[in-house]
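2 protein chains.
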Amino acid sequence: MARVHNFNAGPAGLPLPALERAQRELLDFEGTGMSIMEHSHRGKAFEAVHNEAISLLRQLLGLSDDYHVLFMQGGAAMQFAVVPMNLLPPGRSADYILTGGWSEKALEEAKRVGTVRVAGSTAVDKRYTRIPHQGELSLDPNAAYVHMTTNNTLFGTQWHWLPDTGDVPLVADMSSDILWRKMDISRFALVYAGAQKNIGPSGITVVLARKDLVDSARKDIPVIFRYATYAANNSLYNTPPTFAIYLMRNVLAYTLEIGGLEEVERRNRKKGELLYETIDAHPDVFRAPVEKESRSFMNVVFRLASEEMEKRFVAEAAKEGMVGLAGHRSTGGIRVSIYNAVPVASVERLTAFMRDFAKRG
Amino acid sequence: MARVHNFNAGPAGLPLPALERAQRELLDFEGTGMSIMEHSHRGKAFEAVHNEAISLLRQLLGLSDDYHVLFMQGGAAMQFAVVPMNLLPPGRSADYILTGGWSEKALEEAKRVGTVRVAGSTAVDKRYTRIPHQGELSLDPNAAYVHMTTNNTLFGTQWHWLPDTGDVPLVADMSSDILWRKMDISRFALVYAGAQKNIGPSGITVVLARKDLVDSARKDIPVIFRYATYAANNSLYNTPPTFAIYLMRNVLAYTLEIGGLEEVERRNRKKGELLYETIDAHPDVFRAPVEKESRSFMNVVFRLASEEMEKRFVAEAAKEGMVGLAGHRSTGGIRVSIYNAVPVASVERLTAFMRDFAKRG
Ligand SMILES: Cc1ncc(COP(=O)(O)O)c(C=O)c1O
Ligand SMILES: Cc1ncc(COP(=O)(O)O)c(C=O)c1O
Ligand SMILES: [Mg+2]
Ligand SMILES: [Mg+2]
Ligand SMILES: [Mg+2]
Ligand SMILES: [Mg+2]
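Protein chains in written order, with UniProt numbering: chain A, 1 to 361; chain B, 1 to 361.
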């Protein structure tokens with residue numbers, strides 16, 4: 001079958017050239033007579049891939065030497081626990097800003113580790129349709145850190161500004177918009193992201209951590225959960241998920257090849273604009289619940305007149321090779337995830353379908 | 001290049017048919033128009049693979065319904081912490097039997113979680129050349145559990161009997177010999193293993209856990225570390241490492257195809273016997289430090305007269321397409337890892353080389 005238009009929320013579509021490269025050398029990596037999966041994580045062949053993935057991340061982001069690039073396992077949900085285990089000592093408290101289901105989960109998990117506070121929330125009836133303003137936040141100047149979720153995968157909202165937290169370290173879950181455009185990482189003390197939306201397959205989690213924060217992190221937790229362990233061992237303390245790192249390397253190399261994050265941003269803005277324009281042009285058929293200034297360029301969420309109509313929309317789109325459009329099971333509606341690897345052409349195809357669907361009513 | 005003879009200690013070689021299957025369908029999984037990596041972990045296509053991997057493990061092992069099969073991330077080294085986090089409540093103590101470097105690491109990590117005891121150790125000058133006898137163990141009848149390592153990857157020893165722990169749950173790190181032959185898992189309360197030696201690529205950890213143990217495990221730890229979370233959600237609480245699970249499925253399906261664990265054991269015994277016979281036939285050149293009844297059928301360890309000679313052995317073998325023979329950086333010497341995927345023919349090739357090397361002196 002021809003490749004479909006993949007709007008999955010994560011694991012998501014990957015750039016075809018990154019997959020083709022993997023396919024080509026799956027049985028024989030660079031003439032070594034084995035798959036990259038069969039190489040030792042302590043051998044030269046894998047270590048070169050590993051280090052290239054790290055330096056590509058540094059280069060694409062323009063990351064300063066004040067930061068470690070760490071590779072971990074366990075997904076972003078494991079970071080919900082690992083962040084407070086490292087950064088929240090007894091007697092301190094951490095601030096959480098709630099903007100969606102994932103920030104709620106991060107808060108709930110942190111509660112099992114230490115003392116937390118809600119420093120702001122835009123929930124109305126358990127739904128989130130906007131990002132808060134600075135004036136709505138009540139930040140604790142003594143907090144160990146402030147936690148935020150830069151893009152809210154379920155509700156389709158995204159921060160287009162960053163909160164001022166003064167001297168308090170800002171920690172961000174960037175799982176669903178890391179590398180969606182150039183970002184000033186120096187605004188954050190720590191960033192974490194599961195790779196499976198914008199930069200790779202599932203099974204690998206990227207952590208960008210300011211070195212001083214890692215140095216002063218808690219040492220009374222198991223070694224395997226300490227950021228310092230990964231920092232001291234170039235993320236090779238134990239066996240890493242070698243193939244996931246390899247494939248992420250392929251994705252990052254391809255990202256650089258097409259022009260880096262400037263080009264990525266241009267494409268992502270184009271895709272988002274196409275979709276929101278189409279939604280706004282048919283207010284009788286499509287309704288976007290999210291306030292305009294909080295709209296996400298990664299997950300575009302909208303509703304139709306009824307759940308029945310939404311089901312029909314998803315089914316008819318699937319027939320035409322567009323998959324992954326059903327909203328999250330907890331929210332319903334339609335969700336179009338347009339991560340970095342989704343081609344502009346796929347969104348053009350979808351918006352054409354939407355216009356036609358609207359016409360037919 | 002032709003595929004090499006891969007004696008890597010882990011990540012290790014994989015069965016060629018399992019890799020070829022992955023290569024064939026890497027861009028289009030079963031006519032769905034996407035890679036298995038691009039499928040949602042909540043979609044039908046992936047869930048079928050996931051459930052097949054679980055049932056293949058059940059079938060190959062003849063596992064009873066009293067056990068959960070859980071898939072986790074983080075490697076075996078994460079289980080060093082997760083086991084005591086779940087199974088070692090405050091006020092209790094756990095027994096550790098030391099038979100190598102990995103059991104030492106498991107002990108050290110458990111110390112950071114709770115109270116532990118060494119219930120036996122065969123270390124002499126920090127080296128291990130044998131498995132203890134029952135009479136050498138001093139087991140605490142009130143221990144929360146007893147921890148053992150069934151195969152000692154670094155030192156090349158393997159348990160060929162199991163300790164009697166009475167009513168105390170027996171927990172085993174089976175990372176380097178899981179599925180090397182049929183085993184009676186009912187002797188264990190919990191088994192864990194990183195997949196990257198016998199059953200798949202790195203990035204996926206298998207846990208076999210008795211249901212009653214999971215039910216009574218600690219609930220005052222983060223959700224992401226509770227075995228109960230994985231048990232309640234079919235290991236889909238958060239995004240699993242989908243490609244690693246898929247590839248493990250391919251390996252397990254191939255294992256069944258060639259005749260299951262009876263055939264696997266036949267091949268593994270053959271490989272081990274070939275190697276030990278060759279070593280024993282040339283006592284002037286090769287010296288196996290491990291006592292005969294403790295010899296491992298997964299990692300065959302031996303020394304040559306000098307480090308220089310060992311270097312020459314490794315270098316000459318590499319020239320003839322045999323790789324991965326250098327011992328672990330902490331032990332030195334030669335280590336031949338002959339996990340399930342290593343063909344008998346590769347060992348025949350190696351033993352011919354050894355005989356020739358011995359002749360040349
Ligand atoms: C913003 C955000 N955080 C966390 C997660 C959880 O990630 P994982 O499944 O890798 O644990 C997701 C997954 O969709 C997400 O979108
Ligand atoms: C017996 C044993 N336990 C644990 C480990 C550590 O596994 P991982 O690197 O997956 O954490 C290894 C790795 O070689 C091993 O052989
Ligand atoms: Mg999701
Ligand atoms: Mg959310
Ligand atoms: Mg090892
Ligand atoms: Mg060992």
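To be clear, the hints were calculated from the coordinates, so they are not data collected in a lab.
Treat the numbers as computed from the prediction; the structure is a model and nothing was measured.
Idealized CB from N, CA, C, for every residue including glycine.
Any given hint might turn out to be false.
[What the hints assert, rightly or not] Stretch-level coverage of chain B by chain A, calculated; a stretch enters the list once three of its residues show a Cβ under 8 Å from a Cβ in chain A:
#, segment
1, 6 to 12
2, 30 to 39
3, 66 to 79
4, 128 to 142
5, 215 to 223
6, 293 to 307
7, 350 to 359
For each hint, the structure was consulted:
1. Taking a C-beta to C-beta cut-off of 8 Å, the segment 6 to 12 of chain B contributes 6 residues in contact with chain A, enough for the three needed, and the coverage statement holds.
2. Look at the segment 30 to 39 of chain B against chain A: 8 of its residues bring a Cβ nearer than 8 Å to a Cβ of that chain, three or more, so the hint holds.
3. A count of 6 residues in the segment 66 to 79 of chain B with a Cβ less than 8 Å from any Cβ of chain A is obtained; the coverage claim is therefore met, three being the minimum.
4. As drawn, the segment 128 to 142 of chain B meets chain A at 0 residues by the rule of a beta-carbon pair under 8 Å; below three, the given contact is violated.
5. Check on the segment 215 to 223 of chain B: 4 of its residues sit with their Cβ under 8 Å from a Cβ of chain A, so the three-residue criterion for coverage holds.
6. With 0 residues bearing a CB less than 8 Å from a CB of chain A, the segment 293 to 307 of chain B misses the requirement of three and the coverage assertion fails.
7. Chain A is given as covering the segment 350 to 359 of chain B, and this is violated because 0 residues of the stretch bring a CB closer than 8 Å to a CB of that chain, at least three being needed.
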